[in-house]
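Trainee: Sequence:
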Amino acid sequence: MTGQSDRMSYGSIDGGSFGSRNPFGGPTSQGYQPIPDTPAAVKEPPRKEERPAITGAFLIYTKYKQESQDQRHKEEAIAEWIGRTPRTVEDEGFIKMMETIDKRLTVPKKTKITNLVEKMYLAEKEKFKHILSMARKITIGLDIWTKKGLTASFLAVSACYFKSQDNKAEHILLNLKQMVHPHTAQAIAALVEESKEEWGIPKEKILTIITDNGSNMVAAFHCNAEEDSSSEEENLQDRDEEGEVDDMYETLERRTPCVVHTLQLVVNMIQKELTIKRLLGKVRQLVKLFRKSSVTTERLLQQCGLILIKDYPTRWSSTYLIMSRALEVKDHLPSVADSMSWDSLLPSEWQKVAILKYLLLPFAEHTKVLESDTNSLSLVVPALLDLRNHLSEFSLAYARSYRDAATLAQKMSANMEQRFSCFLDITANKFSPLAAAFVDPSAEAIVENNDEGIQNLLKVAEDYITRSVPPRLQVEEQVSENEEEEIVDTVASETTHWPKRPRFRFFSPSRPSRPRTSETSSIRQEIKKYKEGLSHAANTEESAMEFWISQSSTVFTLLKPLALDLLAMPASQALAERVFSVTGDLTSGRRNRARTTLERSAFLKLNKSSCAANATGTRPINQYFTNNRDLKAPKREDKETVSKLAVQFVCSDVRSFETVCGDGFTGLAQGLIDIGARAGRVDAMQLLPDPTTISRSVTKYAEDIRQSIIPELREQMSEYNGAVTLDRRLSENKLPLSHNTLHQ
1 MTGQSDRMSY GSIDGGSFGS RNPFGGPTSQ GYQPIPDTPA AVKEPPRKEE RPAITGAFLI
61 YTKYKQESQD QRHKEEAIAE WIGRTPRTVE DEGFIKMMET IDKRLTVPKK TKITNLVEKM
121 YLAEKEKFKH ILSMARKITI GLDIWTKKGL TASFLAVSAC YFKSQDNKAE HILLNLKQMV
181 HPHTAQAIAA LVEESKEEWG IPKEKILTII TDNGSNMVAA FHCNAEEDSS SEEENLQDRD
241 EEGEVDDMYE TLERRTPCVV HTLQLVVNMI QKELTIKRLL GKVRQLVKLF RKSSVTTERL
301 LQQCGLILIK DYPTRWSSTY LIMSRALEVK DHLPSVADSM SWDSLLPSEW QKVAILKYLL
361 LPFAEHTKVL ESDTNSLSLV VPALLDLRNH LSEFSLAYAR SYRDAATLAQ KMSANMEQRF
421 SCFLDITANK FSPLAAAFVD PSAEAIVENN DEGIQNLLKV AEDYITRSVP PRLQVEEQVS
481 ENEEEEIVDT VASETTHWPK RPRFRFFSPS RPSRPRTSET SSIRQEIKKY KEGLSHAANT
541 EESAMEFWIS QSSTVFTLLK PLALDLLAMP ASQALAERVF SVTGDLTSGR RNRARTTLER
601 SAFLKLNKSS CAANATGTRP INQYFTNNRD LKAPKREDKE TVSKLAVQFV CSDVRSFETV
661 CGDGFTGLAQ GLIDIGARAG RVDAMQLLPD PTTISRSVTK YAEDIRQSII PELREQMSEY
721 NGAVTLDRRL SENKLPLSHN TLHQ
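Just so it is clear: in the sequence shown, position 125 is 125 by my numbering, and no numbers are missing.
The set of hints was computed from the structure by calculation and includes no laboratory data.
Since the model is a prediction, treat every value here as computed from it, not as a measurement.
Any given hint could turn out to be false.
Dumping the calculated DSS-like pairs for lysine-lysine here, alpha-carbon to alpha-carbon at most 30 Å [said to hold, decoys possible]: (1) K310 - K292; (2) K147 - K608; (3) K411 - K352; (4) K357 - K459; (5) K177 - K147; (6) K127 - K109; (7) K177 - K272; (8) K65 - K608.
Work out the full structure: start from the sequences and follow the hints.
Mentor: Structure representation (structure tokens):
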């Protein structure tokens, strides 16, 4: 046997020489290669830029230690992204894709991910507890959701407050508690009390509790008989007996009906006008025909790029949306309908649909604004007054040409007055959205309106604000007229750029003459300063929240904090209702019976942006490794490899194509690449394929598998006269068959 040096080809590093037999395993995944009996021909060494770094060669194939920081960061990133069943991390496609991105990563098992989710949940919960303890006022939102089949029900509890540390409103999910039937008022009240105790929220901090108009919700927080008028929402399965409401609820917090839910009940009056209901029935029938025919849908798309949409009873502004879309495509509908021998609407009917759309347009606009998670409570009363004037003008304008529509407008106005009487009642001595409207400069049309009823409402709002803030100083002596003028002049100089907001278009303001009153307390003085300042307002787009944040705390010592708390509050419990539509896979099938896992995953997913903002000393996981770094485009072959693996990932577990472009998943991939052993840093957004690419690749991927399986099936099933077909649900132990003849 000849010497070892004769059997080695040499390269160079740092001026020295090294052999291809690397004692650490070599630069490739095959590791040690046997020495041939004959010397190999000396080959030209590769170019320097293609040669892998020695440190990279050592690290690529060495797994992270379980306690290492890199392994921990990536496990936390997976836990943050998961937001679904923890078994995802045990999926073969997921593991393969993660190993391709970083071979050193050991993908954690579902048990570890579950523990990480619990750890993150407890950590974030403590942070939010601290924030809630510092909040001055809190609004609670509630909603009940029952899965299909009625096998499980949950109560979502949310909290909205003004976060003084960041000068912004914040709305978070607190709990997702499972309920057992029947959903009585006592059961709801008990779960809310349990949630308040868990989060340390005292009763005096709760401004109001926003719920839908179900009878059980009304009874759970029943304070006055006036709320009975808003409890007509159909809720047959959960409707309670009157005897269930007892004196214990008199001590609970004030309930505020969800404004958007109640507005939809007013809009549903359109179904009670016979002639209009018949017309809407024709529109729905036309939509149904188009939606069931792929031919007409394709033709309509080719002509105008739009399709007809269905309306759903539980979808807000659904009736308006179906009419709006029908009017958008009405020029193309007749030709497509004629080709199918279908009846379309007459020109007079299309004109009436346009009139009805105009009737519901302001309701849809205000619904869009009021369904915001924060900063919408102050717009409730202006919106109601705006809608009241709109209905009045509509009934007068179309009293002769469209009597049924004018009659409908009158009925809607009467119904709205009844349902929202709790907001516009001057005898109420408790919380009302009117107080929030009073401190919103954008609602100046109310403050400057000379209607006697509106001025009486404003007085009620002032009284509520005065009661809400205990006076720090009682003025024992009357302030002289000269001193009052001096105070007003000082305020005008200290408070700059008072914003002049656009007025609500359906009622025109006229500033009344307000009598001068002497201040009896500091809060009264601040209210006077605020009202006087509105007359000197400048024209600006500044929001109400920005306006109060910019005001001096020395000028509005008492009014400013209360104004910020009121302005931060929502007008609906939309966030609590959306909990069940954004929690992903956890709310499908039997998975939503995992009560603890569902609540914690929903908490992290719904509060993701707030959790990131609350991080102290560290940045969010999906930004930790990407901020302030130069990223370069990935290599083409790397991009193709990841694209193929992403296709396999979404197909093997029947996932949405959008999964791979979500913020959490993109952040995870970016973190893995950024920490990984590859030379340089690759931009994950350019590396990961878009959903369209994945969608187009699914068919090819399935066809490739089909072609690879067919020869084996022909051999093993030669006597069976069948054919193999594949779809996206293909897995290792499932193979759908069809009874077509094999001709290949």
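Trainee: All hints are to be evaluated individually against the structure, with a verdict given for each.
Mentor: Hints, one by one, checked against the model:
1. K310 - K292: 11 Å, holds
2. K147 - K608: The hint holds at about 24 Å.
3. K411 - K352: 18 Å, holds
4. K357 - K459: Distance of about 36 Å is beyond 30 Å: violated.
5. K177 - K147: 14 Å, holds
6. K127 - K109: 27 Å, holds
7. K177 - K272: 37 Å, violated
8. K65 - K608: 29 Å, holds
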